[in-house]
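Starting from the given sequences, assemble the full structure and let the hints guide the process.
So you can see what is in the structure, the chains are spelled out below.
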Amino acid sequence: MTGTSYSRRSFLRDASAAGLLLGLGASSLAGCGRQPSMAQSTAAPTGAPKPGGTLRIGMVGAGKGESFDPSAASSALINVAMTCAVFDPLITYGPDMRLRPALATSWTSDASGSAWTFKLRPGVAWHDGKPFTADDVVYSLQWMETPGSGLGPAVANVDTAKVSKKDPNTVVVPLKSPDTRFPETIALAWIVQAGAKDFTKPIGTGPFTFVSLDQGQQSVCKRNPVYWDTGKPYVDELRLLSLKDDTARLNALLSGQTDVMAQLPYAQAKSSISEDFWLLRSPGLTAQAFYTAIDQEPFTDPRIRQALRLLVDRQQLVDVALNGFGTVANDLYGRALPYYDVALPQRTRDLAKAKDLLAQAGHASGLTLRLQTSAAAPGMVEAATLFQQQAKDAGVTVKISQVDPDAYFDPTRDYLTMPFAQTIWQGITSLGSFYQTALLKGAPGNETHWTSQRTADLIDAATSAPDDASARMAWDAVQQEQYDSGGYIWWGNCDNLDAASKKVGGIVPGVSQNLGLPTSLAEAYFVA
Amino acid sequence: MSRRPPGSPSRTAHGPLTRSGFLSSHPLALMAIRRVAAGVVTLLILSVLVFAAASVLPGDAASAILGKQATGQALADLRHRMGLDQSIPVQYWHWLTGLLHGDLGDSAAGFASGGQVSVWSQVSGKLGDSAVLALCAFVPIAVVSVLLGVYSALRAGRWQDHLISVTTLVPSALPEFVLGTVLLAVFFGWLDVLPPVSVVAPGSSPLATPSVLVLPVLTLVGVTAGPAARMVRAGMLEALGADTVAVARLNGIAEGRVVRRYALRNAIAPSIQVFALVAQYLVGGLLIVEYLFGYPGIGKELVDAVSIHDNAEVQSVTMLLAAFYIATTIVADLAVMVAVPKLRTGAA
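These protein sequences, in sequence, are chains A and B.
Here our numbering is used: the first residue of the first sequence is 1, the next is one more, and so on.
Here our numbering is used: the first residue of the second sequence is 1, the next is one more, and so on.
Quick look at which bits of chain B chain A covers, simulated, 3 or more residues with Cβ under 8 Å:
| hint | region |
| --- | --- |
| 1 | 111 to 120 |
| 2 | 189 to 197 |
Part of the chain B face toward chain A, derived, beta carbon under 7 Å:
| hint | residue |
| --- | --- |
| 3 | Pro58 |
| 4 | Leu66 |
| 5 | Ala70 |
| 6 | Thr71 |
| 7 | Gln73 |
| 8 | Pro202 |
| 9 | Pro296 |
Quick caveat, the hints were computed from the structure, so don't treat them as lab data.
By construction, the Cβ of each residue, glycine as well, lies at the ideal position given by its N, Cα and C atoms.
Right, here's the structure in full:
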């Protein structure tokens with residue numbers, strides 16, 4: 001969900017000039033010896049799957065935070081990949097964001113959408129040989145409620161005490177309030193074995209079985225020979241290498257020490273990828289924004305918030321801060337999600353109107369703001385600097401101060417206390433989970449300090465709407481309000497960008513996550 | 001580092017152990033005991049300082065693990081499980097008493113997975129990997145610095161001396177991460193002969209794939225060999241300037257024999273100190289080099305532990321490194337005593 005996954009708590013980062021020098025290292029690699037092609041290919045290699053081999057993926061490391069715990073609060077991509085390797089959800093997402101049956105083969109609701117019945121896949125075995133049954137699902141749904149669980153939002157609306165098994169392969173899930181789109185909410189809620197709490201030696205039903213984990217180094221998993229999706233996975237062994245440094249991760253791919261590289265930095269995508277590799281590029285769910293806390297002066301005045309939205313040149317931000325690997329956002333999160341309001345006109349820069357609004361708010365002679373930025377995600381600091389220049393055109397002076405990336409998304413430190421700052425959201429698969437986390441009073445992601453009861457009621461109405469039309473109506477109202485007077489200035493939707501050797505096929509870049517997760521690990525193969 | 005001839009009779013005559021006469025007749029043993037005692041006290045003081053420093057850093061391991069979810073009940077629960085809800089002195093006491101029982105505590109990495117993983121299981125393998133890297137760097141550093149140091153002392157002031165000084169001082173003037181990056185660009189980017197990242201398969205030794213050691217070792221040698229050679233050179237020059245050498249030469253002894261028998265022997269003591277300094281430097285130098293090449297050693301482990309505020313592990317690893325540092329000093333001093341008869345016998 002958060003930018004902490006990007007957090008590069010790198011030791012060398014703070015050593016002055018190290019980043020610059022490592023960058024020089026990378027460009028010199030591209031300059032000599034290896035010829036980068038002018039146009040990188042995004043075409044997947046053609047060739048029949050060849051079973052076997054060891055697939056090595058270089059991931060952005062999360063150090064000691066690396067874990068196979070599916071409920072781990074850290075949403076670092078490496079943890080997501082580890083979970084996808086070992087565990088299965090009831091329902092999963094394909095790269096096209098369509099629901100796919102996993103441990104549940106079918107799901108139906110009663111007429112009102114307030115109780116859902118899941119038929120479970122028969123004959124599935126846990127990695128320790130025990131059969132997978134309804135008891136595991138009942139336990140998992142209750143376990144997800146543990147305070148601090150990253151899976152909490154999936155069961156927020158589930159009456160977990162009353163979840164029951166009808167027979168060994170059928171589970172009935174009653175909801176607190178009706179939700180016709182509950183399958184989307186429960187998708188990617190990972191199912192663990194009844195009684196499991198300790199995930200240092202995880203046992204799942206997924207495509208790979210756990211072998212070892214060395215935090216900050218690598219994890220090893222072996223092919224699950226009795227995986228329910230017959231024939232998959234194709235590779236015998238999966239190694240996820242923890243390489244936090246961008247240059248090291250790229251070098252490992254270029255030198256053949258890894259076969260796939262996750263989270264290719266945008267700047268390197270243009271220069272360093274030769275024709276032996278292909279780019280995995282897809283529009284994504286990751287988006288970046290500036291935000292204002294609407295209970296802090298001067299942002300209490302909606303005219304000021306609107307003026308800020310009008311003075312931003314979004315295209316320039318995307319071109320520079322994201323190196324063009326993204327699209328302009330429209331002050332709302334979740335362009336690829338259902339119920340996103342595509343009818344609202346794309347907001348563009350209007351300096352005259354921005355100045356006018358500032359004058360109305362009593363700042364005709366200028367306004368000085370302090371923006372707290374951080375190198376917590378790629379492009380953030382660049383966006384802040386660019387925003388500073390853009391704001392100058394409207395007579396707004398922006399003073400930038402840098403915050404420790406470790407503190408930027410840590411609520412025990414700076415997070416949620418900053419009046420004017422930046423954010424990045426990713427991996428959110430429904431408008432409901434975004435708005436419930438961002439706009440409700442006391443919610444863990446309430447960056448704009450939004451406390452309106454009307455909004456809360458609208459979100460409630462939207463998530464529990466009996467039919468599509470009324471859900472859409474409620475979501476439109478929520479989004480219209482944010483578009484007109486919210487605390488966010490969403491400027492860019494970031495692409496998911498990874499790179500792979502041309503020897504690796506089967507990975508379909510997808511919207512929901514980098515690397516074509518959650519389904520790609522079982523489907524990746526070496527071409528014959 | 002000042003060295004006073006220890007074990008002089010006047011100082012030990014009133015000591016409780018002198019009745020046996022063992023220590024007064026074994027100044028080496030006496031000094032070893034004193035040094036080890038002083039080392040333990042130093043370690044204790046250091047542990048308090050490190051613990052205090054780690055505690056005043058903003059944030060803690062629980063909030064680092066929970067990220068955005070670090071609020072309310074979840075944070076309180078995890079802090080309780082990790083023992084972070086206790087006062088700092090109590091936490092320190094737990095750590096210290098655990099250490100005395102051979103228990104380094106539980107790693108934050110375990111808590112991040114909902115279980116418990118001991119710090120020792122996290123660091124033991126990495127200590128071994130770091131030792132391999134340090135030893136692989138130490139041997140060439142010692143050989144190169146002695147050969148170059150002695151040779152340039154013998155050619156002092158001539159072009160060979162200047163050439164050696166310049167060529168060794170240039171790499172050593174660069175910080176590790178700069179030299180490492182330059183080597184990376186040459187040996188991987190340009191020549192493409194060495195792996196840029198030191199990937200070691202879990203459970204196997206780095207010696208199984210020696211190529212992963214080359215770049216880290218080259219970096220460490222490059223940074224260290226120059227200054228070490230200069231110190232050996234200085235020691236050798238001093239030895240060459242001694243009266244004994246002049247007398248030997250006046251007696252017409254062949255130059256080769258003068259160098260081997262009179263100069264080199266006296267240059268051994270300062271060289272031992274140089275090697276001790278090199279070993280101590282390696283403890284810190286490894287940290288950066290391991291991080292740069294992703295080498296799975298104790299330095300990278302420490303960086304990871306610091307970044308998640310894992311005080312138990314930071315504390316334990318720091319103590320291990322400090323203990324090594326102090327042990328090196330003691331061993332070097334003892335070795336000097338063995339090598340220099342004047343110190344060994346306590347003669348004035």
